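Visitor: Residues per chain, in single letters:
2 protein chains.
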Amino acid sequence: MSQLQNDRYLRALQCLPVDYTPIWMMRQAGRYLPEYRQLRAKAGNFMTMCQNPELACEATLQPLQRFDLDAAIIFSDILTIPDAMGLGLYFEAGEGPKFSRSITQLSDIEKLPIPDPNQSLKYVTDAISLTKKSLNGKVPLIGFSGSPWTLATYMIEGGSSKSFSKIKKMLYCEPKALHLLLEKLAHSIALYLNAQIEAGAQSVMIFDSWGGVLSHQAYQTFSLDYMQLILSQLKRGKKSEDITSYVPVTLFTKGGGLWLDTIIRSGCDAVGVDWTVNLSQIANKGQIALQGNLDPTVLYANKPTIEANVESLLSEFGYNNGHVFNLGHGILPDIPVEHVQYLVDAVHRQSKRFHYD
Amino acid sequence: MSQLQNDRYLRALQCLPVDYTPIWMMRQAGRYLPEYRQLRAKAGNFMTMCQNPELACEATLQPLQRFDLDAAIIFSDILTIPDAMGLGLYFEAGEGPKFSRSITQLSDIEKLPIPDPNQSLKYVTDAISLTKKSLNGKVPLIGFSGSPWTLATYMIEGGSSKSFSKIKKMLYCEPKALHLLLEKLAHSIALYLNAQIEAGAQSVMIFDSWGGVLSHQAYQTFSLDYMQLILSQLKRGKKSEDITSYVPVTLFTKGGGLWLDTIIRSGCDAVGVDWTVNLSQIANKGQIALQGNLDPTVLYANKPTIEANVESLLSEFGYNNGHVFNLGHGILPDIPVEHVQYLVDAVHRQSKRFHYD
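Those sequence lines, one after another, are chains C and Z. This note's numbering puts the first residue of the first sequence at 1, with every later residue one more than the last. This note's numbering puts the first residue of the second sequence at 1001, with every later residue one more than the last.
Note that these hints are calculated values from the structure, not bench results. Fair warning: this is a prediction, and the values are worked out from it, not measured in the lab. Some hints here could point you the wrong way.
[Claimed, not checked] Which residues of chain Z face chain C? A few of them, derived with a C-beta cut under 10 Å, are:
| # | residue |
| --- | --- |
| 1 | Pro1053 |
| 2 | Leu1171 |
| 3 | Gln1217 |
| 4 | Thr1305 |
[Stated by the list, open to error] Lysine-lysine pairs mimicking PhoX-like chemistry, simulated, CA-CA at most 25 Å apart:
| # | chain 1 | residue 1 | chain 2 | residue 2 |
| --- | --- | --- | --- | --- |
| 5 | Z | Lys1111 | Z | Lys1184 |
| 6 | C | Lys169 | Z | Lys1303 |
| 7 | Z | Lys1254 | C | Lys254 |
| 8 | C | Lys303 | Z | Lys1176 |
| 9 | C | Lys166 | Z | Lys1162 |
Positions of the beta carbon are idealized from the N, C-alpha and C atoms, including for glycine.
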């Protein structure tokens, strides 16, 4: 295995000093890149790209060829697990993900299998192994999954939702059924992320895209508790002189800004934060790494505006060792490529003054 | 004018003692009521109902005939102002509101008129006068508008949105154009709410449904500042022995839980809060009234669960004089009517022990 040449991302996740702030972007392999659109057109559809390790590897590496990013994230989807459970994930043009079968009652949940990641999800671990080899130590590779609550929303709603009526009905009317589903998902996700780590993922992230729709009590019981169950099962290794001997875990609850105090105490290594949060107001800073939190729509703006927003964000938190610069959500498909280039360079250039050499 | 028989809602908004906690529900005149669905079928469509004072009055009063609610809210829509500006508001079955003309550039904004509320919005003030008379002092009548930022999102996006790309592009690329629009809207809303007060509204509420999608800096500059501009222009009257001599104003930013400290200091009388917030953790309680914050999907649950959620919410904040019980968002169309009945009665029954007689 070749040595890691850029360890800034892993060092920042361990709150160790860096010479400048590392940056990667959620959905950095995506439709805003013309070469991505070409690859996707060739593949035919999104799931074919995810399920073919060569295509997934190529998509993962595309943004690294253009921009001086400090991490790669495996090209995949948050919903691979429910698909592997047999729900039939598919995508329709212009719409969100859908399932051909959804979960409506306890008996559906009881029948759900715990997917063996070395069988039905082998395409993901294969893509990770291949990408790790291709990266050749350039930057660390991130693995990921959706959170139990987030996967459950899609499985019960049958796709995206606005009011989350079906899953919330289950939450308030049949909490035991929902708890069984979340427990099965947490167990499946722990196996899956451990397999990703074994295949070469150097850090893993749990995307809780819909935790923010819960009430403050329900968030703890129906989302965070199950992410903690995963955390307790992950084979993170041990911290040592060799930065890669430890696999840091990032939790990201979109819309979870009000609950950062409890998320920070969950046992994760880093917390993803969206743009509603002023990073300088987070109480526990220094104890944990923070990832974020530029509004992705800032990338529509001209370069002076991008520059000013980078400066403002770095002034809030950039002096801290535990900062990974990122957007507060995935990059949008109509963002100009040259603005992304500008952002990455501005973060590196501006952040130097906040760090020791 | 007949004397007000139930002043609990107005007293709570002024943080005065009450014998039990008042309750009303956002969208309480709505599709969950069979008599509402009948009325709407008769009217043909939603806008006809809004624009016909007799129908709007009837819809407003329907929930009061069933439930022991402590306030009525005029049946109308948050988007009446952009419609009066000439954008052509319409609703398509199963979809959100749409505009036949949307705003794309500065010259569109410069051409927008400030609607005279006594002309193009007279149907609203007529509905308020008629409803006030029909209420005959039973409970106070609430008037409302969307916030400048929220109206601007619909005007620029042309309807509902997921990523708010168009308006955020304007925010970051052409902030001056957006500020001009927000200023025009703030001025229009102030005139409109003052006309509603003159017609008989005893309290007014500003719905900032989409303030929560902004970054923490942008929220202040592009939403809260313009709500404050409205507040400074409203004819609220003076507090006196006669509780109705003062018209309290409630601001509600959905998803604004992180910014409650600044919202509380904005000069409003009450702040609406969604269910992501733990009311007991709000620092400035006692200085201002709070309205909320039950998750509307709790109403799917059985009566013991509703009972337990009412108890939990009242334990957080119900001992405080300045509490108006409400949902954290509008009531959903498939909620059983008997659960609403149960909620209203449970709030009245349980809250008595938190208050002096």
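Visitor: Confirm or reject each hint.
Guide: Verification of the supplied hints:
Contact between proline 1053 of chain Z and chain C, as hinted, is not supported at the beta carbon level, the nearest pair being about 31 Å apart and thus beyond 10 Å. Taking 10 Å as the C-beta contact cut-off toward chain C, the hint placing leucine 1171 of chain Z at the interface holds, the least distance being around 7 Å. Interface restraint check: glutamine 1217 of chain Z against chain C, minimum CB-CB distance 7 Å, threshold 10 Å, status holds. Of the supplied interface hints, the one on threonine 1305 of chain Z holds, with its beta-carbon coming within about 6 Å of a beta-carbon of chain C, less than 10 Å.
With a C-alpha separation of about 11 Å, the suggested pair lysine 1111 of chain Z and lysine 1184 of chain Z falls inside the 25 Å cut-off, and the hint holds. Distance restraint check for lysine 169 of chain C and lysine 1303 of chain Z: the Cα-Cα separation of roughly 13 Å lies within the 25 Å cut-off, and the hinted pair is therefore satisfied. Among the hinted pairs, lysine 1254 of chain Z with lysine 254 of chain C is consistent with the structure: their alpha-carbon atoms are about 15 Å apart, no more than 25 Å. For a cut-off of 25 Å, the pair hint linking lysine 303 of chain C to lysine 1176 of chain Z stands: about 17 Å separates their Cα positions.
Between lysine 166 of chain C and lysine 1162 of chain Z the alpha-carbon distance is near 20 Å, which keeps this suggested pair within the 25 Å criterion.
In this structure, only the earlier hint numbered 1 is contradicted, and the remaining ones agree with it.
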